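A.B. asks: Each chain, letter by letter, is given below.
There are 4 protein chains.
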Amino acid sequence: MSRPGLILKLSCPDQPGIVAKVANYVAGHRGNLIEFAQFSDQLGGKFFARLEIETQELDVDAQDFITGFGTLGRSLQADWHFRRLPYRMKTAVLVTKTDHCLNEILWRAGLDELPIEITSIIGNRGNCRSIAERANLPFHEIPMDGDAREPGFEQIRALVTEQDVELIVLARFMQILPNDFCRDFAGRIINIHHSFLPAFIGANPYQQAYARGVKLIGATCHYVTADLDAGPIIEQEVERVHHFHTPADLVRLGRNCERVAIAKGIRFHVHDRTIIDGHRAIVFPD
Amino acid sequence: MSRPGLILKLSCPDQPGIVAKVANYVAGHRGNLIEFAQFSDQLGGKFFARLEIETQELDVDAQDFITGFGTLGRSLQADWHFRRLPYRMKTAVLVTKTDHCLNEILWRAGLDELPIEITSIIGNRGNCRSIAERANLPFHEIPMDGDAREPGFEQIRALVTEQDVELIVLARFMQILPNDFCRDFAGRIINIHHSFLPAFIGANPYQQAYARGVKLIGATCHYVTADLDAGPIIEQEVERVHHFHTPADLVRLGRNCERVAIAKGIRFHVHDRTIIDGHRAIVFPD
Amino acid sequence: MSRPGLILKLSCPDQPGIVAKVANYVAGHRGNLIEFAQFSDQLGGKFFARLEIETQELDVDAQDFITGFGTLGRSLQADWHFRRLPYRMKTAVLVTKTDHCLNEILWRAGLDELPIEITSIIGNRGNCRSIAERANLPFHEIPMDGDAREPGFEQIRALVTEQDVELIVLARFMQILPNDFCRDFAGRIINIHHSFLPAFIGANPYQQAYARGVKLIGATCHYVTADLDAGPIIEQEVERVHHFHTPADLVRLGRNCERVAIAKGIRFHVHDRTIIDGHRAIVFPD
Amino acid sequence: MSRPGLILKLSCPDQPGIVAKVANYVAGHRGNLIEFAQFSDQLGGKFFARLEIETQELDVDAQDFITGFGTLGRSLQADWHFRRLPYRMKTAVLVTKTDHCLNEILWRAGLDELPIEITSIIGNRGNCRSIAERANLPFHEIPMDGDAREPGFEQIRALVTEQDVELIVLARFMQILPNDFCRDFAGRIINIHHSFLPAFIGANPYQQAYARGVKLIGATCHYVTADLDAGPIIEQEVERVHHFHTPADLVRLGRNCERVAIAKGIRFHVHDRTIIDGHRAIVFPD
Chain S
54 MSRPGLILKL SCPDQPGIVA KVANYVAGHR GNLIEFAQFS DQLGGKFFAR LEIETQELDV
114 DAQDFITGFG TLGRSLQADW HFRRLPYRMK TAVLVTKTDH CLNEILWRAG LDELPIEITS
174 IIGNRGNCRS IAERANLPFH EIPMDGDARE PGFEQIRALV TEQDVELIVL ARFMQILPND
234 FCRDFAGRII NIHHSFLPAF IGANPYQQAY ARGVKLIGAT CHYVTADLDA GPIIEQEVER
294 VHHFHTPADL VRLGRNCERV AIAKGIRFHV HDRTIIDGHR AIVFPD
Chain Y
54 MSRPGLILKL SCPDQPGIVA KVANYVAGHR GNLIEFAQFS DQLGGKFFAR LEIETQELDV
114 DAQDFITGFG TLGRSLQADW HFRRLPYRMK TAVLVTKTDH CLNEILWRAG LDELPIEITS
174 IIGNRGNCRS IAERANLPFH EIPMDGDARE PGFEQIRALV TEQDVELIVL ARFMQILPND
234 FCRDFAGRII NIHHSFLPAF IGANPYQQAY ARGVKLIGAT CHYVTADLDA GPIIEQEVER
294 VHHFHTPADL VRLGRNCERV AIAKGIRFHV HDRTIIDGHR AIVFPD
Chain Z
54 MSRPGLILKL SCPDQPGIVA KVANYVAGHR GNLIEFAQFS DQLGGKFFAR LEIETQELDV
114 DAQDFITGFG TLGRSLQADW HFRRLPYRMK TAVLVTKTDH CLNEILWRAG LDELPIEITS
174 IIGNRGNCRS IAERANLPFH EIPMDGDARE PGFEQIRALV TEQDVELIVL ARFMQILPND
234 FCRDFAGRII NIHHSFLPAF IGANPYQQAY ARGVKLIGAT CHYVTADLDA GPIIEQEVER
294 VHHFHTPADL VRLGRNCERV AIAKGIRFHV HDRTIIDGHR AIVFPD
Chain X
54 MSRPGLILKL SCPDQPGIVA KVANYVAGHR GNLIEFAQFS DQLGGKFFAR LEIETQELDV
114 DAQDFITGFG TLGRSLQADW HFRRLPYRMK TAVLVTKTDH CLNEILWRAG LDELPIEITS
174 IIGNRGNCRS IAERANLPFH EIPMDGDARE PGFEQIRALV TEQDVELIVL ARFMQILPND
234 FCRDFAGRII NIHHSFLPAF IGANPYQQAY ARGVKLIGAT CHYVTADLDA GPIIEQEVER
294 VHHFHTPADL VRLGRNCERV AIAKGIRFHV HDRTIIDGHR AIVFPD
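These protein sequences, in sequence, are chains S, Y, Z and X. Counted from 1, the first sequence has number 247 at position 194 by the numbering used here; the numbering is strictly sequential. Counted from 1, the second sequence has number 58 at position 5 by the numbering used here; the numbering is strictly sequential. Counted from 1, the third sequence has number 323 at position 270 by the numbering used here; the numbering is strictly sequential. Counted from 1, the fourth sequence has number 236 at position 183 by the numbering used here; the numbering is strictly sequential.
Keep in mind that a hint or two might mislead.
For identical chains, the list gives no copy identity; a pair is met inside one copy or between any two copies.
As the list claims (entries may be wrong) - Below, in silico cross-link-like pairs of lysine-lysine (DSBU-like), each with a Cα-Cα straight-line distance of 35 angstroms or less: (1) K99 - K150; (2) K143 - K74; (3) K74 - K99.
These are computed hints drawn from the structure, not numbers from a lab. Everything numeric in this text was worked out from a predicted model, so none of it was measured.
All chains, full assembly: derive it from the sequences and hints.
C.D. replies: Encoded structure:
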């Protein structure tokens with residue numbers, strides 16, 4: 054991801070010859086395919102692809118290459134998206150009290166595992182302020198209890214719009230987003246839910262898991278839609294538990310699942326390795 | 054489990070001194086504790102234990118040892134159960150069409166991983182007849198469609214009663230048991246559900262999992278109660294899946310989870326390694 | 054895999070334009086790409102691909118399509134291989150005493166998970182004879198102790214040659230193959246080793262694992278080379294173990310890893326999802 | 054672990070009646086057993102136990118309870134150890150360049166998952182200084198290259214002795230400890246090795262794993278002995294990898310295994326859940 058290049062994501066109705074046409078376009082302009090991940094969905098009749106293209110030898114300007122693809126893209130009735138590399142995605146992180154997911158994101162961003170630029174950390178509580186400050190990142194405390202909820206979300210909306218935020222990460226953010234917010238940022242909000250969805254939707258999933266006596270707990274990283282905890286799943290992790298684990302133990306053990314799942318989910322998203330297809334997410338992992 | 058000995062399962066209100074009292078009873082009669090698994094449930098205020106006792110040096114007859122425990126057991130307000138080793142549990146296996154769980158049970162029983170004596174294989178379809186016959190086991194085809202359902206279950210009840218069956222295994226048996234049947238055999242019916250419960254209760258869980266786009270599928274081995282797919286969980290297994298897996302692929306990949314989960318679940322049960330505690334199962338694994 | 058079609062495996066020096074050229078060849082003859090898995094090895098400078106092609110609409114005969122690819126293949130300096138679908142690979146299974154891997158192969162072949170035709174089961178002991186016979190498959194007992202070793206392997210060689218065997222599976226076959234045998238069948242012999250290679254090479258790996266006190270045991274399915282247990286790895290499975298597990302418990306628990314690893318390994322091989330690259334195996338899983 | 058209480062670890066030759074005798078001692082002084090984990094090693098003829106005892110109701114002073122146990126302990130020919138709760142173990146962390154394991158330890162200690170008091174962070178490079186300082190912990194840079202090695206380790210020895218350090222954690226410390234150092238702190242040094250031991254002992258295990266083409270990588274947390282990477286294993290973690298992962302990817306993916314394994318290993322040790330038995334470690338997990 055660090056070399057100059059392009060990522061192309063594409064989905065279209067399946068039909069013979071797509072790979073040839075797309076690869077021809079790339080090769081015709083002397084692009085070098087580093088990776089061509091592809092999925093022909095025989096059941097849904099759709100084609101999905103992600104291409105990673107080195108552009109050093111390109112015979113046209115990268116922007117012309119992108120623009121020129123339009124003719125082919127339209128003829129395939131495709132949805133497509135180009136990303137120019139190197140890239141850092143502007144990201145806002147929303148938090149409430151617990152900080153392990155935020156910590157993980159900061160740590161991995163620092164290691165360059167996550168090519169993101171965190172423009173702001175927003176909390177409806179102040180608990181994560183010190184972590185944000187230690188990382189020299191702006192922290193915005195925006196109360197959302199009771200009547201403060203509606204203006205709170207308006208404030209978030211104003212902030213992320215002003216900062217050209219492309220990705221909103223709910224890192225254990227304990228508020229349900231308004232429907233219009235979900236709609237307006239569709240495909241750009243990632244949540245971590247602390248259960249193996251669709252089991253234990255909603256509040257206190259570890260308590261629910263304890264009560265049900267499951268032998269594995271989990272965490273689910275998914276895109277947010279207006280339908281609570283029902284958006285397309287990007288990644289899931291599980292951990293074995295036993296009868297002697299209390300709900301507090303599940304919280305402790307589950308933190309690790311949450312950290313891994315949210316970090317992988319964000320990485321897949323910012324590397325353009327995900328394509329949303331209705332209720333499901335295509336993921337080309339790395 | 055092959056040497057002469059005893060297994061004692063016990064649960065009672067938690068209180069200081071239980072371990073000492075129970076261990077004293079054993080040592081007082083020159084029993085030798087091979088294993089003393091114990092769980093003090095701080096949240097529920099209950100104590101659970103499983104003891105494995107060598108009885109070669111016992112100073113009384115094993116039956117007297119068992120009877121004599123009653124005084125202590127009652128003083129602890131305990132539920133308890135002794136099993137004399139070696140032991141083979143009389144087991145009926147109920148099937149419908151698919152045979153992989155039945156196969157697994159037969160294979161593991163043959164390897165002595167499962168100390169069971171299969172008294173009968175009962176199918177509401179004839180698909181598993183040939184497997185039963187190849188294993189020299191009686192196969193009973195009992196139709197259960199429509200009006201045949203009620204007399205069908207009466208027939209099963211008569212059969213397992215006559216054969217002194219102690220364990221009924223639903224090895225992908227595609228009928229919902231009548232409530233009174235569940236009640237009368239409470240704690241003695243084990244089912245394999247082909248999902249990670251409580252996700253995807255009911256029919257076609259792999260199709261449900263595909264539609265939801267989960268990244269892990271699973272199987273759950275649990276005790277059967279009148280509440281569908283809600284009985285105490287004994288064991289769960291999961292397997293990672295990807296967007297390119299069709300529902301048919303999930304069926305294929307899930308078979309392995311099902312086989313492992315049901316085999317472990319049966320093993321824990323027949324080795325007396327499970328104690329049902331309301332909606333949960335205590336499992337002391339081996 | 055059941056529809057008429059072709060699988061193309063290909064490896065060549067990496068260079069721009071390969072995907073386009075290969076996809077053009079397919080599309081130019083009206084082949085329909087179902088799957089195009091590809092790997093550009095940036096470190097090794099090589100390109101690997103596996104294509105699955107529907108051929109109903111092909112404008113030439115499948116054989117002409119295959120032959121015609123030669124011009125392109127040679128110009129890419131490629132190694133390549135076509136397989137016509139549907140296909141069943143002729144397979145010999147070599148065993149000694151334990152039968153769980155053989156059982157698994159028979160079971161999965163019966164379910165059509167493994168498109169193989171078992172031409173013979175060969176044992177240097179007679180233990181697996183009854184299983185073979187129950188499956189209506191020819192069993193050849195070929196002793197190999199002491200002086201019988203060399204003529205034994207000559208007999209195997211004669212048998213598999215006569216039967217046009219394409220794949221030899223060592224399903225817990227406890228003899229080390231002669232070097233020339235390994236060489237002559239390079240890339241066509243698959244072994245299951247009952248450890249997480251490269252840990253515990255050679256005899257009694259479970260005993261070794263017990264002595265070392267590992268917390269996970271495993272199994273490794275790999276191609277056989279003259280270098281013992283060092284051939285390219287296709288698949289590995291692990292299972293968590295504890296201090297209370299004896300070597301006999303490790304044998305019991307490990308069986309499941311072995312079964313899963315060998316079944317996946319064979320499946321990947323017969324579906325042409327593996328490409329050997331020196332000491333490593335490229336695997337495009339399904 | 055936060056209530057006043059005691060942990061007793063004990064190992065002795067196996068013999069009938071141990072559980073009764075030990076439990077009697079506890080109950081006789083009105084101690085309340087919260088947990089009694091036990092292992093009768095039938096192969097090695099040894100008995101191991103860990104008891105967690107609430108002491109609010111004790112009829113003697115805790116110190117008298119501990120001292121008084123001596124008579125029983127000696128009669129059992131036992132090694133035993135009492136720990137008074139609550140407790141924080143004085144710990145020194147040794148590092149070189151990479152900081153993810155140090156980070157993890159600091160994070161979990163902050164969450165009270167690890168009841169340790171970090172007395173010093175010692176680096177043979179300065180890379181981790183800023184992390185230490187941000188956590189308000191003393192950082193000691195002690196060079197160890199070439200001739201500096203011997204005096205360097207003398208300096209460490211002086212420091213940990215002066216600070217009454219009970220646990221030395223090698224958190225990706227890239228120096229081999231001198232034999233006498235290993236001996237003098239036997240059972241009190243924990244290392245994380247970035248491979249699934251005993252595979253890939255020594256330097257560059259991820260590079261070794263890449264070259265070998267394994268399908269799973271791992272990390273091993275173990276006690277340090279003079280025999281490199283051969284000490285008793287406490288915990289192991291693995292992660293699935295694919296042919297497209299470079300050695301750099303393995304480093305990235307492996308970090309998570311390392312973090313989890315070292316955190317669990319330290320937790321088990323400081324909670325007295327480990328007993329070293331020759332080359333193996335008994336671990337009673339929580």
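A.B. asks: Pop the pair K74 and K99 into one bin, within, between, both or neither, using alpha-carbon distances up to 35 angstroms.
C.D. replies: both (16 angstroms within a copy, 23 angstroms between copies)
A.B. asks: Go through the copies and call it for K143 and K74: within, between, both or neither, with a Cα cutoff of 35 angstroms.
C.D. replies: within (33 angstroms within a copy, 38 angstroms between copies)
A.B. asks: When no copy is named, should K99 and K150 be tagged within, between, both, or neither for a Cα gap of at most 35 angstroms?
C.D. replies: between (42 angstroms within a copy, 33 angstroms between copies)
Against the hints set out earlier in the document, no violation occurs for any number.
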